[in-house]
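Note that the protein sequences, when read in sequence, are chains A and B. What the first sequence shows, in the working numbering, is residues 1 to 239, in sequence order. What the second sequence shows, in the working numbering, is residues 1001 to 1239, in sequence order.
Calculated from the structure, these hints are not laboratory results. Positions of the beta carbon are idealized from the N, C-alpha and C atoms, including for glycine. Be careful, since some hints might not be right.
Result set (DSS-like, lysine-lysine): computed pairs, CA atoms no more than 30 Å apart in a straight line [as the list claims (entries may be wrong)]:
1) B:K1090 to A:K91
2) A:K154 to A:K180
3) A:K62 to A:K90
4) B:K1005 to A:K90
5) B:K1154 to B:K1091
6) A:K180 to A:K197
7) B:K1068 to A:K120
8) A:K62 to A:K207
9) A:K197 to B:K1005
10) B:K1091 to B:K1197
11) B:K1120 to B:K1090
12) A:K120 to A:K68
13) A:K62 to A:K5
14) B:K1120 to B:K1197
15) B:K1180 to A:K5
16) A:K197 to A:K120
17) A:K5 to B:K1090
18) B:K1090 to B:K1068
19) B:K1091 to A:K90
20) B:K1062 to B:K1005
21) B:K1120 to B:K1154
22) A:K62 to B:K1068
23) B:K1120 to B:K1068
24) B:K1197 to A:K5
25) A:K154 to A:K90
26) B:K1005 to B:K1068
27) B:K1005 to A:K5
28) B:K1180 to A:K90
29) A:K120 to A:K154
30) B:K1068 to A:K91
31) B:K1091 to A:K91
32) A:K207 to A:K197
33) A:K91 to A:K197
34) B:K1120 to B:K1091
35) B:K1062 to A:K180
36) B:K1197 to B:K1207
37) A:K154 to A:K68
Selected chain B positions facing chain A (in silico; Cβ < 7 Å) [as the list claims (entries may be wrong)]:
38) C1138
39) I1218
40) A1227
Residue strings, one per chain:
2 protein chains.
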Amino acid sequence: MNDAKIRLYVEHSLGQGQSIALSREHAHYLFGVMRLSVGAAILLFNGTEDGEWRAEVIVAGKRNGIVKCTFQTQSLQLPPNLWLMFAPIKKSRTDFIVEKATEMGVSCILPVQTDFTNAKRIQLDRLQAHAVEAAEQCGGTFVPRVQDMQPFDKALAELGDRQLLFCDEKMVGEKPIMRKTPGPWAILIGPEGGFSKRERDHLSSLKQSCTISLGPRILRADTAAVAALTIWQMTLGDW
Amino acid sequence: MNDAKIRLYVEHSLGQGQSIALSREHAHYLFGVMRLSVGAAILLFNGTEDGEWRAEVIVAGKRNGIVKCTFQTQSLQLPPNLWLMFAPIKKSRTDFIVEKATEMGVSCILPVQTDFTNAKRIQLDRLQAHAVEAAEQCGGTFVPRVQDMQPFDKALAELGDRQLLFCDEKMVGEKPIMRKTPGPWAILIGPEGGFSKRERDHLSSLKQSCTISLGPRILRADTAAVAALTIWQMTLGDW
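If we strip away everything but chain A, and leave its shape as in the complex, we get (with noise of 0.2 Å):
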């Protein structure tokens, strides 16, 4: 029997029995904000093979408290071995990308850095903290890293072998069709006003580099990152 509704993240091992003190925040949400009192349930995960366990509160006080694992109500449901590449935008909508991508089911979100982005820096613990909220609002079970920005070649240089599917808003109204091979990927995400030539040549002399088009309208980037998700998962993905 499941009678818990709220999920949290926690960095802290999970295992019948297993007493967990809660964090100042996750105490101020269940008990000031929610109102849980003990006795109550709730459902807790970390991202690693302990899976998620239901726990029920065993102290409840105002910046403290301490929960015990009861049981586990799902085991870790490791995501595709899919990586999101994008250049940061606006900050709402990298937020947005960061979301979305967790929500979509990938193993890793990688921003880069390329000609025409204006952002020179990322605040890498809230993009995370963004993906662990996304991950607790989903289900799910696992929580992929959000990596520090790097620049476009570097980030390229990384996918050794890794296929990478490239939305081209140059393509726009071609037929989004992708190639069908397993293993490992990533997907690779334009800046608004595009790749330069220098970076598109490099894209471009990639074997493993597939190309698609998202239709004949120029999508936002954090509408792109969704919709190509969305191609990769019915194509090769968990869907």
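Starting from the known structure of chain A, arrange chain B on it as the hints suggest.
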């Protein structure tokens, strides 16, 4: 030669030599914010068969201005005959759904009040303005009309024999497979918290209803809208 970067939607007929008096907002944007002067070129569209026109600035005032159409740059491109029906959620996510639906290509946007919808009304003017802005930015020549919110049963009655793609979060984990019947379609995205038993029974009683799943994680309504639109556009639409 198309030297214009800025695209604006106007409620005015467009054609060879046609002069258009700009609204105060457009004049402020073009001459105050973007610093255009007499002779500069912009692109105009009005969502009708006039399509898109290049226009030159004739008068550049602080609160007014006149532009004159020089030549047509695009003919009207109608999106597929596809409605997006959704239960309004938090304000910013509702704005997002309207923006995404416009970029992805729908003919009409219908907010629907379900048993579990918290919103009692929508700000129709604001949502329509979001559709206009999205059309200006995605290069489209058509602006989908946003309808006023309707109760669930009334909205379904409007379908007639239009095919209905219903994205069911209760089917999480099953394959997203859709029927390839051509003709008019509608996509229905449920509210957070899903549909009520009564609504689900009503939906399964409709013979034109086709149910798909959107993967093993529970998507937020705005993510689900983009994912469902991608699947539809890939299968039956203009991608």
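Hints, verified against the model:
{"no.": "1", "hint": "B:K1090 to A:K91", "verdict": "holds (19 Å)"}
{"no.": "2", "hint": "A:K154 to A:K180", "verdict": "holds (26 Å)"}
{"no.": "3", "hint": "A:K62 to A:K90", "verdict": "violated (36 Å)"}
{"no.": "4", "hint": "B:K1005 to A:K90", "verdict": "holds (20 Å)"}
{"no.": "5", "hint": "B:K1154 to B:K1091", "verdict": "holds (23 Å)"}
{"no.": "6", "hint": "A:K180 to A:K197", "verdict": "holds (27 Å)"}
{"no.": "7", "hint": "B:K1068 to A:K120", "verdict": "violated (40 Å)"}
{"no.": "8", "hint": "A:K62 to A:K207", "verdict": "violated (57 Å)"}
{"no.": "9", "hint": "A:K197 to B:K1005", "verdict": "holds (20 Å)"}
{"no.": "10", "hint": "B:K1091 to B:K1197", "verdict": "holds (26 Å)"}
{"no.": "11", "hint": "B:K1120 to B:K1090", "verdict": "holds (12 Å)"}
{"no.": "12", "hint": "A:K120 to A:K68", "verdict": "violated (43 Å)"}
{"no.": "13", "hint": "A:K62 to A:K5", "verdict": "holds (21 Å)"}
{"no.": "14", "hint": "B:K1120 to B:K1197", "verdict": "holds (21 Å)"}
{"no.": "15", "hint": "B:K1180 to A:K5", "verdict": "violated (37 Å)"}
{"no.": "16", "hint": "A:K197 to A:K120", "verdict": "holds (21 Å)"}
{"no.": "17", "hint": "A:K5 to B:K1090", "verdict": "holds (20 Å)"}
{"no.": "18", "hint": "B:K1090 to B:K1068", "verdict": "violated (41 Å)"}
{"no.": "19", "hint": "B:K1091 to A:K90", "verdict": "holds (19 Å)"}
{"no.": "20", "hint": "B:K1062 to B:K1005", "verdict": "holds (21 Å)"}
{"no.": "21", "hint": "B:K1120 to B:K1154", "verdict": "holds (15 Å)"}
{"no.": "22", "hint": "A:K62 to B:K1068", "verdict": "violated (66 Å)"}
{"no.": "23", "hint": "B:K1120 to B:K1068", "verdict": "violated (43 Å)"}
{"no.": "24", "hint": "B:K1197 to A:K5", "verdict": "holds (20 Å)"}
{"no.": "25", "hint": "A:K154 to A:K90", "verdict": "holds (23 Å)"}
{"no.": "26", "hint": "B:K1005 to B:K1068", "verdict": "holds (16 Å)"}
{"no.": "27", "hint": "B:K1005 to A:K5", "verdict": "violated (49 Å)"}
{"no.": "28", "hint": "B:K1180 to A:K90", "verdict": "violated (38 Å)"}
{"no.": "29", "hint": "A:K120 to A:K154", "verdict": "holds (15 Å)"}
{"no.": "30", "hint": "B:K1068 to A:K91", "verdict": "violated (37 Å)"}
{"no.": "31", "hint": "B:K1091 to A:K91", "verdict": "holds (18 Å)"}
{"no.": "32", "hint": "A:K207 to A:K197", "verdict": "holds (18 Å)"}
{"no.": "33", "hint": "A:K91 to A:K197", "verdict": "holds (26 Å)"}
{"no.": "34", "hint": "B:K1120 to B:K1091", "verdict": "holds (12 Å)"}
{"no.": "35", "hint": "B:K1062 to A:K180", "verdict": "violated (56 Å)"}
{"no.": "36", "hint": "B:K1197 to B:K1207", "verdict": "holds (18 Å)"}
{"no.": "37", "hint": "A:K154 to A:K68", "verdict": "violated (44 Å)"}
{"no.": "38", "hint": "C1138", "verdict": "holds (4 Å)"}
{"no.": "39", "hint": "I1218", "verdict": "holds (5 Å)"}
{"no.": "40", "hint": "A1227", "verdict": "holds (4 Å)"}
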